[in-house]
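**Student:** Chains as they are written, first to last, in the numbering used here: chain A, 1 to 115; chain B, 116 to 226.
To be clear, the hints were calculated from the coordinates, so they are not data collected in a lab. All C-beta atoms in this analysis are idealised placements derived from N, C-alpha and C, irrespective of residue type, glycine included.
Below, computed lysine-lysine pairings styled on DSSO-like, alpha-carbon distance capped at 27 Å: (1) B:171 / B:208; (2) B:208 / B:218; (3) B:172 / B:218; (4) B:171 / B:213; (5) B:218 / B:174; (6) A:57 / B:213; (7) B:185 / B:213; (8) A:57 / B:185; (9) B:208 / A:57; (10) B:171 / B:185; (11) B:171 / B:218; (12) B:218 / A:57.
A few chain A residues that don't get close to chain B, going by computed Cβ distances all over 12 Å: (13) 13; (14) 17; (15) 19; (16) 61; (17) 62; (18) 71; (19) 79; (20) 83; (21) 84; (22) 114.
As a plain string of letters, each chain reads:
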Amino acid sequence: KAGVTQTPRYLIKTRGQQVTLSCSPISGHRSVSWYQQTPGQGLQFLFEYFSETQRNKGNFPGRFSGRQFSNSRSEMNVSTLELGDSALYLCASSLYPGARVNEQFFGPGTRLTVL
Amino acid sequence: TQLLEQSPQFLSIQEGENLTVYCNSSSVFSSLQWYRQEPGEGPVLLVTVVTGGEVKKLKRLTFQFGDARKDSSLHITAAQPGDTGLYLCAGTKPRDDKIIFGKGTRLHILP
Chain A
1 KAGVTQTPRY LIKTRGQQVT LSCSPISGHR SVSWYQQTPG QGLQFLFEYF SETQRNKGNF
61 PGRFSGRQFS NSRSEMNVST LELGDSALYL CASSLYPGAR VNEQFFGPGT RLTVL
Chain B
116 TQLLEQSPQF LSIQEGENLT VYCNSSSVFS SLQWYRQEPG EGPVLLVTVV TGGEVKKLKR
176 LTFQFGDARK DSSLHITAAQ PGDTGLYLCA GTKPRDDKII FGKGTRLHIL P
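Take the sequences, apply the hints, and build the full model.
**Tutor:** If you want it as structure tokens, here you go:
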């Protein structure tokens, strides 16, 4: 079974621009979560999607948004980029949310650098 | 407030030594996962523990879930350079499907 894929792997943008990151979950997995990882803050939860609906959201400004398609693929968008948005953005898929054992499987991440 | 505290934050030891890292909380968790992450890559799931007192072994790695399901430990025997990485614990609380991550222990094994 193929793992979680994320594209692109690396991205360089300048302040004020916007960016869209893509994630394809493991086949059969219907839940997709997004995380931001920085050296200082660790893994910070952005949002979770299931059946094309956002189920949970972390404490990030409205510049961060996402969506999920009917095939469970997901995208996240960051508008008006700031220097502090430079981070590794990770996507994780799981079978479905709310399970007692909720194992998530991560993609390799997208390294975003904002100049 | 960090719900899952991992200690130590950093650990650098010689190849062949044993080590234990910890994941502690004042909250009860339904399940807890351990991940290892290498630089520039996503975390890789190592194990999931569910039952209080449960012990799972993965070659030289031994994972234990506390009896009260509030803490966990990871013990590595005869550490090797390939064990180098960031070890993350993550837990799911009862009646709450959000997953909480600790900040991780960065482990470096010196050859």
